[in-house]
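**Q** Starting from the given sequences, assemble the full structure and let the hints guide the process.
There are 8 protein chains.
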Amino acid sequence: MEIDLGYAKLDMDRKARQGADEVIYGESKTAVQIAGIASAMADNGCENILITRIDAEKAKAVTAAVSIECEYRAAARILIANPAPVKKTGKIVIVSAGTSDMPVCEEAAVTAETLGNNVVRLYDCGVAGIHRLLSHSDELSSARAVIAVAGMEGALASVVGGLCKCPVIAVPTSVGYGANFGGLSALLSMLNSCSSGVSVVNIDNGFGAAFIASRINKMTTAK
Amino acid sequence: MEIDLGYAKLDMDRKARQGADEVIYGESKTAVQIAGIASAMADNGCENILITRIDAEKAKAVTAAVSIECEYRAAARILIANPAPVKKTGKIVIVSAGTSDMPVCEEAAVTAETLGNNVVRLYDCGVAGIHRLLSHSDELSSARAVIAVAGMEGALASVVGGLCKCPVIAVPTSVGYGANFGGLSALLSMLNSCSSGVSVVNIDNGFGAAFIASRINKMTTAK
Amino acid sequence: MEIDLGYAKLDMDRKARQGADEVIYGESKTAVQIAGIASAMADNGCENILITRIDAEKAKAVTAAVSIECEYRAAARILIANPAPVKKTGKIVIVSAGTSDMPVCEEAAVTAETLGNNVVRLYDCGVAGIHRLLSHSDELSSARAVIAVAGMEGALASVVGGLCKCPVIAVPTSVGYGANFGGLSALLSMLNSCSSGVSVVNIDNGFGAAFIASRINKMTTAK
Amino acid sequence: MEIDLGYAKLDMDRKARQGADEVIYGESKTAVQIAGIASAMADNGCENILITRIDAEKAKAVTAAVSIECEYRAAARILIANPAPVKKTGKIVIVSAGTSDMPVCEEAAVTAETLGNNVVRLYDCGVAGIHRLLSHSDELSSARAVIAVAGMEGALASVVGGLCKCPVIAVPTSVGYGANFGGLSALLSMLNSCSSGVSVVNIDNGFGAAFIASRINKMTTAK
Amino acid sequence: MEIDLGYAKLDMDRKARQGADEVIYGESKTAVQIAGIASAMADNGCENILITRIDAEKAKAVTAAVSIECEYRAAARILIANPAPVKKTGKIVIVSAGTSDMPVCEEAAVTAETLGNNVVRLYDCGVAGIHRLLSHSDELSSARAVIAVAGMEGALASVVGGLCKCPVIAVPTSVGYGANFGGLSALLSMLNSCSSGVSVVNIDNGFGAAFIASRINKMTTAK
Amino acid sequence: MEIDLGYAKLDMDRKARQGADEVIYGESKTAVQIAGIASAMADNGCENILITRIDAEKAKAVTAAVSIECEYRAAARILIANPAPVKKTGKIVIVSAGTSDMPVCEEAAVTAETLGNNVVRLYDCGVAGIHRLLSHSDELSSARAVIAVAGMEGALASVVGGLCKCPVIAVPTSVGYGANFGGLSALLSMLNSCSSGVSVVNIDNGFGAAFIASRINKMTTAK
Amino acid sequence: MEIDLGYAKLDMDRKARQGADEVIYGESKTAVQIAGIASAMADNGCENILITRIDAEKAKAVTAAVSIECEYRAAARILIANPAPVKKTGKIVIVSAGTSDMPVCEEAAVTAETLGNNVVRLYDCGVAGIHRLLSHSDELSSARAVIAVAGMEGALASVVGGLCKCPVIAVPTSVGYGANFGGLSALLSMLNSCSSGVSVVNIDNGFGAAFIASRINKMTTAK
Amino acid sequence: MEIDLGYAKLDMDRKARQGADEVIYGESKTAVQIAGIASAMADNGCENILITRIDAEKAKAVTAAVSIECEYRAAARILIANPAPVKKTGKIVIVSAGTSDMPVCEEAAVTAETLGNNVVRLYDCGVAGIHRLLSHSDELSSARAVIAVAGMEGALASVVGGLCKCPVIAVPTSVGYGANFGGLSALLSMLNSCSSGVSVVNIDNGFGAAFIASRINKMTTAK
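Residue numbers (my numbering), protein chains in the order written: chain A, 1 to 223; chain B, 224 to 446; chain C, 447 to 669; chain D, 670 to 892; chain E, 893 to 1115; chain F, 1116 to 1338; chain G, 1339 to 1561; chain H, 1562 to 1784.
If you're looking for bench data, these hints aren't it; they were derived computationally from the structure.
Quick caveat: nothing in here was measured; it's all calculated off a predicted structure.
Among these hints, one or two may not hold up.
[What the hints assert, rightly or not] Partial pick of chain H residues on the chain B-facing surface, computed with a CB cut under 8 angstroms:
id, residue
1, Thr1660
2, Asn1679
3, Tyr1684
4, Cys1686
5, Val1736
6, Tyr1738
7, Gly1739
8, Ala1740
Even for Gly, the Cβ is constructed at its ideal location relative to N, Cα and C.
**A** Right, dumping it as structure tokens:
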């Protein structure tokens, strides 16, 4: 079924076809557009509707414009419309290189939790002090999926990749300056990882990494 | 355990730690170095040792230099040293955009099969004739992992991503010319995919995609 | 005939030579300069003068400064000076990947309509839900020219290209983030399209695409 | 109808859907693959099958391998399999900047002629001697479509764009050195053309430009 | 002689060594630093001290802070400290592609005039209407140096280069959007000019072009 | 010992392992996070805690939030928490190309002084007036480490490299415009230096250069 | 007058319009094409016809194919067809950074000499040993035009620029490796030169630099 | 003293000024040029003359052309002319990521040994098996300088940086493929290293790294 709002065509069969409802990318949509989409989805029975990349002000405007409940997660810049209890299974580990990577990590963490996964957060484990990572190697080796988040040189992904048995999804971040070129250094680093088992998503795409990790975790636990 | 050959330090615990033995990247190693590494691995009990990116001539030289059996898969540019029967489980689908992407596809296919996965090949399903892809949507929706291989504009990954429930690993290829810039166009295209559930590996990295798909397929089937 | 305003030399023979009057690119001109150019054109008999890339505030200043009528189309960021009734012929289809591409689409749509073409808008038909596009394939196959507007990975152009008999003009947009690099990903994707029949204009250049589509549509219908 | 050769899936409905049969891109296919595809197409009634980017040696191998007639056009690097008389209509003008752009021009010219268009060649009309171009302005203003081919700085496209009433398809070439960066300078130049009515195809893509120009010319003349 | 202000070391022999006093680049210096440098130069007899890339507000602050006279040229973003009558010789022609290039043109024009050259301004002569340029070919062929200023595709430089006997200094501007990449398209275009006799300075560097043109003009007229 | 603050894991053994305490990169951390980290470090006995890339406002907020003394060095954008007397040894020379490079120079200078090194500042010694540099060649040849800071074309590093016996650490700066591309021109220039003995750090990374120079100076003087 | 050879249109009025005959860029033309163009030019009275970027083998083929005399200058990769005595005036100095830049230097030197200029060669004066350059400062300050040729970091142009009163034309070369990126480092360096009076031509374009220097030298000496 | 060979100016005071004789970069010089330079240096008393980037064939030609002894080190692609016993001091550790990085490592090792340093080689210690590196942490912490050599993602530099007290010189290599872009990925990675104390040289520049490490080691040991 497709709902045509003029500015958007809602793909209501996505859950059946792909295992999850549409997620609303908030960055370049107006509050009015977001509210319209979220309301239409809720009217058709969608719960825990994820609206990503939305700042506090726009989230407030959306919340005011809709007749459904909304929860804003500031650290993750995510608004959850029509929230409902979520049953969580399995384990996804999110490991980050530095404190500055937290917004991307939290986008991943809130997405993963809302999609029904248990999440373990290991933040500020950059490779400049490699023991910080190694002391958590048990968490890494028991995960069903690992998300490695790093800016600057992105070396974390390769080191984590060498310590895991499960798929590692690497998220380059735009944290850094100069020859970082907006995240390019971490992106290229992760694409060239010398560790097998690492795949990569777009710069700062915490949501995308969590979506994939959730698919892996759930396929595993579904059996 | 580590075996030090001077020019290489073999990581013999990798199977325990990561679920698979080391794979030998053949491109910038000499036949003598490859033969030395493969022999040492075989001496320590490794079977189905994968040597990737090796041309026919170097493969012949390696085969002549070692006392173990070797099988060369020309289309995949892979040499399998100390081959042994492999039990295959699950299903990985490899879908490609064009005939020219075949070497990368076969690198992925032979890797996946050698690691113990059933593989379905859907080649030349580029989006210029979208029906060619849609007629195989059942294969896609029943896969445990899909590898999407495309050069040029790499649009295949997004369309495939919209048809699957399982993780999709996208492999950009260097097929094309001009503003393709050695695979950059397909790489950027896949990193920016509008479909959730798509992660990306390096340009032409068929091996890497298969390694990840195998991890996903096996975690799923192991339960 | 040339009118020299000092800061601009108006090319009053352009309609005879090229089939349409000069269009004023508003972005880097002052309101005073724009008003001067528009007035001089109107004084010389030009109607439906298009001023593109002009925000609401500058449009207001221009409108106040001239003695001719002006119409502002906010969604398209276009000001039409000295508007007059337009007779429309043929059919141009504008298809877009997502809601966020709307400003570029509307720039194309208003330009095309002002130049005398019938326009059909098919918005939010991104390839992640390919059925949304396929359900409109009749519109595509009966168009005289199609404009395909997409950001992110720009895959839409190739899929549309495979469904059309008429020329397809692809417009990459700067919608996206990270490895989108300001529209580069969609631009390269479209330049490398595996579908024949697709040509490309500059990033976000809705006006340019509409100008070309109008030429094609009118040549066709003029016979 | 689809014919599956394993390494290729032939899209036999393309002529009905898109107005022309599939064209075989020869660069990264083997002679055996090309011969297989061409034979299958001929068996299904296709005439004047275009095989582009094929060098003399590979063309000879293909010709030897098939039971149909083949004509090789060396300057265009095109092989025409199963040639048949072509009825030509309308007028496409191909204008080039320099002698070194000829291979790309001829790829465009032979493609356009084979698809049924009359072609006028205006070669070596670079803007360093602008009178060479201006003395042909009648040819340009009477064309139904113009293909502008230039390497180096690609300025030709803008100047031609200012002299035409019909759509101009610009083809950047890789002719040049140094800061030409494989055709990037001409590509960016053409994408940023200050003349309206210019759209762009991939670097060195003479075939693609001719395909589009043919669509425009034939839509026009079909009425 | 060197004057050391701590934050700057003034090179007071530059006029003897290079033919002109130091010019102060205002963009990344504070008003206090600029005032200090200008005052020290004036104290040592410098007249017509050029301060470039300085906005109105900073110019006002500098003027207030020094005890010498200052003249601000808003269109050129240049402040002239300690102004004095200038004797002008020869002829430099500044030709620009569009109205939006004026700030760069005026930076060049004011610099050239202050350094003692007669300047002819030919603005908005873009190649989309090539006759606008050709109608001024006498001015071009009688110049001692020509400065060609253009953004977008920068084609103007090549066409001008083909019409001149004197050296042409090309200035790419950052005017444009999208695949202009901040002036890169015009820069590459001009570096690859098919016309001999064209050299290039940095993007938007009107000052630099005028400095060189002045050297050429004065060497010529000095004989 | 590791102190886990949730958003940060403090590596308290870094002084023993690497010779200096952790340095806090302030740019993308909140004042609350910085205050928390600085306080925890001070509680564990750290003195002269360096917080780099912190503007005046954030520095004020941090100072207000902690119970330890703080000193703000505005020109260097550095906050020193828990300051203590420093014994300085050896000699590091910091040489810069222009006045605009001062913020990066001061970041280096304050870092080096805080880490216990004597610093000589030679500012505005750009190669356009090479005598300004040559007149200080004694300072250069007697240094234990030299830091060469330059934007634009970065030529200073090569000239300095040819005058020194000690290691030269080159710092490209983002000072410039146009084809400077945010510091890329100086970065590439320095990486390609024709002088042996020059290594490079990230664009604008004054801190990093000082940290390395300090290591070299202290190893030397420690003997 | 224009001579149309089909593959080339000869612009026989160029000497009158621009002060020099056409120069034949040999790189991407066949020996047959070059011979045809040179013969036609000689038939029309041209002497000292320059054919650049031509290797020994192609030069031999051209020489054999024409009935006019030809002189090959191997170090410059230049063939001079229909040579005649040249009267030389003025002084152009060519200064290079290293031995490896010689082919570009000689292309410039032979071009300049053939066009009638006296040339002084100062080779291997790289800035790593700045005294090598300074010891020749008299030559530099008495030149009418200076050509500065350098690869790697291209610092030579800025240092030379600071020592000259005449225009400096900088030629980046592709000499180097790694982050040189085919001459990009030297190109960007020269475009960002901190010395006024420096303009830039394409990478390795010795011919272009000499052509411009010749114009400057001759305008000066013509008075 | 300067020796002028025409194609080269030998800087015979470099040892006094910079602590080491000139090193001959062999890549783009002819055997004749190299032989000339080496002979002149030997005639003036230089021993252990380093000729880098020279293949076996050219080394043989040089050896045959000179009357001094020459030693070729194939793995390092270095020829040592006029070899003499070297007294070695201190300790430089060279650590590499993979077997394929050996040529660059050996260039560094032979350079360092020839310049009088003891060298410890730790090869194939890539971070995918982090224990291989950690088991050598004693070597790293007792070094006077460490050279970290890695291609692909270059993560090694950051991890090594976190384990050392001495300066780390990072050498990115061009080992890899695809999004490695000729060493760009490792280069950017190392420039953005999260570990303090890491500076970077050009891609594949083993010589440069060794030269700097030698300076550091010798300054340290000289006291």
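**Q** State for each hint whether it applies.
**A** Right, here's what the structure says about each hint:
1. Thr1660: Constraint on H/Thr1660 satisfied, holds at 5 angstroms.
2. Asn1679: Nearest chain B Cβ about 18 angstroms off; hint violated.
3. Tyr1684: 6 angstroms, holds
4. Cys1686: 7 angstroms, holds
5. Val1736: It holds, given that the least Cβ distance between H/Val1736 and chain B is near 6 angstroms, below 8 angstroms.
6. Tyr1738: 7 angstroms, holds
7. Gly1739: This hint holds: H/Gly1739 lies near chain B, its Cβ roughly 3 angstroms from the closest one there, short of 8 angstroms.
8. Ala1740: This hint holds: H/Ala1740 lies near chain B, its Cβ roughly 5 angstroms from the closest one there, short of 8 angstroms.
Hint violations for this structure: number 2 only, all remaining hints satisfied.
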